[in-house]
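**Student:** Position chain S relative to chain V; hints supplied.
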Amino acid sequence: MAHQLTIFLENRPGRIQSISKVLEQNNMNIWAFTVQDRGEFGLIKMMVDKPKQAQLVLSDLGFACAIKDVLAVIAPDSPGNLAKLTAALVEKNVNIKDAYGFVSPTDRKGICFLEFENPDSVDLQKTIAEHGFTILDDEQLYEL
Amino acid sequence: MDRKALEQLQLERLKHIVAQAMKTPFYQKRLSRAWIQSPEDIQSLDDLSKIPFSVKDDLRQSFPKGLLSVDMQDVVRIHSSSGTTGIPTVIYYTREDMESWTDILARSVFATGCTSKDVFQNMMSYGLFTGGLGLHYGAERVGMTVIPIGGGNTRRQIQVMKDFKTTALHVTPSYLLHIHSVLGEYDTKPTDLFLKKAFLGAEPYSENTRRKLEELYGIDAYNSYGLSEMNGPGVAFECIYKEDMHVWEDAYILEIIDPATGQPLPDGETGEVVLTNLIRSALPLLRYRTRDLAFVHGEACKCGRTHRRLSRIQGRTDDMLIINGVNVFPSQIEEVIMSIPEVGTNYQIYLTKSGSLDKLTVKVEIYSKMFTGDLSILDALKGKIRDKLRASITINAHIELHEPGALPVFEGKAKRVVDEREKL
Chain V
1 MAHQLTIFLE NRPGRIQSIS KVLEQNNMNI WAFTVQDRGE FGLIKMMVDK
51 PKQAQLVLSD LGFACAIKDV LAVIAPDSPG NLAKLTAALV EKNVNIKDAY
101 GFVSPTDRKG ICFLEFENPD SVDLQKTIAE HGFTILDDEQ LYEL
Chain S
1 MDRKALEQLQ LERLKHIVAQ AMKTPFYQKR LSRAWIQSPE DIQSLDDLSK
51 IPFSVKDDLR QSFPKGLLSV DMQDVVRIHS SSGTTGIPTV IYYTREDMES
101 WTDILARSVF ATGCTSKDVF QNMMSYGLFT GGLGLHYGAE RVGMTVIPIG
151 GGNTRRQIQV MKDFKTTALH VTPSYLLHIH SVLGEYDTKP TDLFLKKAFL
201 GAEPYSENTR RKLEELYGID AYNSYGLSEM NGPGVAFECI YKEDMHVWED
251 AYILEIIDPA TGQPLPDGET GEVVLTNLIR SALPLLRYRT RDLAFVHGEA
301 CKCGRTHRRL SRIQGRTDDM LIINGVNVFP SQIEEVIMSI PEVGTNYQIY
351 LTKSGSLDKL TVKVEIYSKM FTGDLSILDA LKGKIRDKLR ASITINAHIE
401 LHEPGALPVF EGKAKRVVDE REKL
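Chains as they are written, first to last, in our numbering: chain V, 1 to 144; chain S, 1 to 424.
There may be inaccurate statements among the hints.
Quick partial rundown of chain V residues pointing at chain S, CB under 7 Å, derived from the structure [said to hold, decoys possible]: (1) Thr6; (2) Phe8; (3) Glu10; (4) Arg12; (5) Gln36; (6) Glu40; (7) Phe41; (8) Leu43; (9) Gly62; (10) Ala64; (11) Ala66.
Derived by calculation from the structure, the hints in this document are not laboratory data. From the three backbone atoms N, C-alpha and C, an ideal C-beta is built for every residue, glycine too.
Chain S with its partners taken away, still in its complex shape:
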């Protein structure tokens, strides 16, 4: 589809979703405050920017039915978040919504080269979580042989992979790594399996993990992107070339914004992913801030698809720090540290006030194998880290060198940041 036709389709669908939104008291109020009284106030895609952003809290505040825009008897499916971080968020789908979502998932699976000849073992958990059932229907639509095994029970997973000669998986990277680590216990080698492809998702993982899984199993592993607020998986999917994820722009309008100002960013610049779901009538969500950070680009893909591509998710806006007015993501600092062989991989970001100014201290551990005993080399190392950080985040950081193993080890990224500015 050429871009012009695509944009025309987006506009038509956007008008429909705005019309749906206006049926809910929530959006009626919010849109009228932005001087949008009817879908006809949306004349072009540029008018999208008039629509205020929606956030996760809007969904929570509207629990359970505040954003429902159809009659409950037209709802054929409910999915919901677990609510472990607060009130659950609930998503409703009409029959038509399910059809559209399934089409998008079928397209996603097909883009990776899967056909009706493939045997698809879906290792994602079924139930309220969108990951399991979503891909299930998409794979069926492609005509794949679907094994709805769900998560867990590794012995059975391995047996089923062998019995039915499974060729494609939908799985979390950590579970696929786990399976590999226990294959031996079940007297199985990766070469005893018939796997060709795996769709990875539902948790953050690095590019190295993907490559590792590809090597361990001799398969192609595909990144995917989705979130239950946008139906679930299938917002963006890699094609066979595995060079970033095609965003299905006929189904979702994607914007990248500066998370601090809300201003749109040009292609290629990293910012917060904002999505408008164009294919769900039951629960309209306009300009939803995902808090995921990525960039989008419109380079022609070898596969010929015209949908722009989304980079791997590079972090969450929740992690963002504002240091003397500059937006800094811990991942940017991490990237610099990882590029310097003389220091270890553990680090800590320390923020304090020095007068009215913020002071950024980056604590790193020296890597014992690279230690030469020369003070001048250590001084130069500090300078190198400082320069590289300044080039990346435009801030002059104070670098502290620590003994190997001296900094606390954290699993999550968030705790690497110690912000003492408020207290001072």
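For reference, chain V alone in the conformation it holds in the complex:
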């Protein structure tokens, strides 16, 4: 499992800046992020190199900040791979709650982060691995 930071932010100028500054000051690197907007507030979800330390630092500063288990799945950058991955999940009747992905331009690998509604219902990791995908934990992720 990889760990994702989820931070509650008000929807107004300067809030993402306030987070990224803290991470910079603590020499923490951001791998990926996405923002979920909900009117007056939003959630920023981030993959950073030291998620647990980042949570401590941010919480100390008063941010509402949680750590979530997510699956970091790696797939070759070629047509049909997301379809294949999701087919595996459908087979096990697993619902994706939130997901975001990107392709690393240097090694042409697709990486996606998946948050599940019921992560304990089946052995997800096993199912996904059986379909030929690699799952990374935090360390493997940042060694890429």
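**Tutor:** Okay, now just chain S, sitting in the frame of chain V:
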């Protein structure tokens, strides 16, 4: 005293006070406008509702002697508000008025179980303020040993408590908390003291503060209610069972009204406390609107007293908001917010216009320790606050979630409300 006899006594005394009131040009005018020409127009307690309300401004407008109904040479005491919020309000007492008030205070102190064996240290300030001298005389009448030390000088307060083995205090909760915080500096522990009871008053405080003081000192702390317009302390006092305050109804007629309509409310419903002082001839005040919010109930008390009981004061009408015609007190909103662990204790009430309708927005801070990172949980949280508010104030509020520490922190309640309706 059974209720019937009590009501008969109230009626007799009310007639006397109405007679006194008619000696003042102010009430003569006001009562005649309500078709009350003589005390005999008051035939039963139901006729009380014919009498118009009196308000604080009436006292101010009548400053200094417009409401005085006796000859100045019959006045033995004057008390007055500080006048920090405007013209001072002044209260006059005849010798008989002082006697009656002292009796009521003696009864109050006795109801808490104090006897002549108690040593009473009165930490309220003496002077024009009614809190100090009022309790002083009441405690003396019970035969307690009274130490008229007044407020302040903590070192001396602690020394005196030890020297004279003080058992009872009259004190503001904040000062009693302060004393506790510095006891160590004077090499004193609560167990070195002999305290058994404290009468709390003169400032708003929560039930938690009372409990905290009781624990810190190992004492019983009693809530009391009074206001200088009604003589001072001793309008209502808790008995040894500490379950709401007995209103001394032979001395005061208490009504609870809807502050918006002025209509009386039944027992158990919260509204504005309206009092008629039956034991002061020098300065009659009829149906005085206190702006305090509370409810009254007549459940039998374990102590056997038949006087109805007044709840703790739950707010001031000054705070009341009218939202789409519904009366809402910020304290009702606060209560809902405090009952939800996922949000912090800081909040803001925001009122705007949306077309011709009022829009209520309640801004709360999420509590970081309860944050899970799930959007669905945050949505559900908003729904929960909205539902609880609707159940409490019948209004659909718009809930806004904010970051911890993002809302301005205010000391007073009033500033938690931002009303932008007039400007729009």
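**Student:** Would you mind marking each hint as holding or not holding in the structure?
**Tutor:** We went through each hint and held it up to the structure:
1. Against a cut-off of 7 Å between C-beta atoms, the interface hint on Thr6 of chain V holds, since the closest Cβ of chain S lies about 3 Å away.
2. A distance limit of 7 Å between C-beta atoms decides the matter here; for Phe8 of chain V the minimum to chain S is near 6 Å, and the interface restraint holds.
3. The beta carbon of Glu10 of chain V is positioned within 7 Å of a beta carbon in chain S (closest approach about 5 Å), and the interface hint is therefore held.
4. With a cut of 7 Å, the hint placing Arg12 of chain V at the interface with chain S is violated, because the nearest CB-to-CB distance is about 10 Å.
5. For Gln36 of chain V, the suggested interface contact is upheld, since its CB lies about 6 Å from the closest CB of chain S, less than 7 Å.
6. Below 7 Å, beta-carbon pairs count as interface contacts, and Glu40 of chain V has one with chain S at about 5 Å; its hint therefore holds.
7. The restraint placing Phe41 of chain V at the interface with chain S holds, with a minimum CB-CB distance near 5 Å, inside the 7 Å limit.
8. The interface hint given for Leu43 of chain V holds, since its Cβ lies 6 Å from the closest Cβ of chain S, which is under the 7 Å cut-off.
9. The interface hint given for Gly62 of chain V is met, as the beta carbon of that residue sits about 5 Å from the closest beta carbon of chain S, less than 7 Å.
10. For Ala64 of chain V, the interface hint holds, the least distance from its beta-carbon to any beta-carbon of chain S being 4 Å, beneath 7 Å.
11. Nearest Cβ of chain S to the Cβ of Ala66 of chain V: about 3 Å, under the 7 Å cut. The hint holds.
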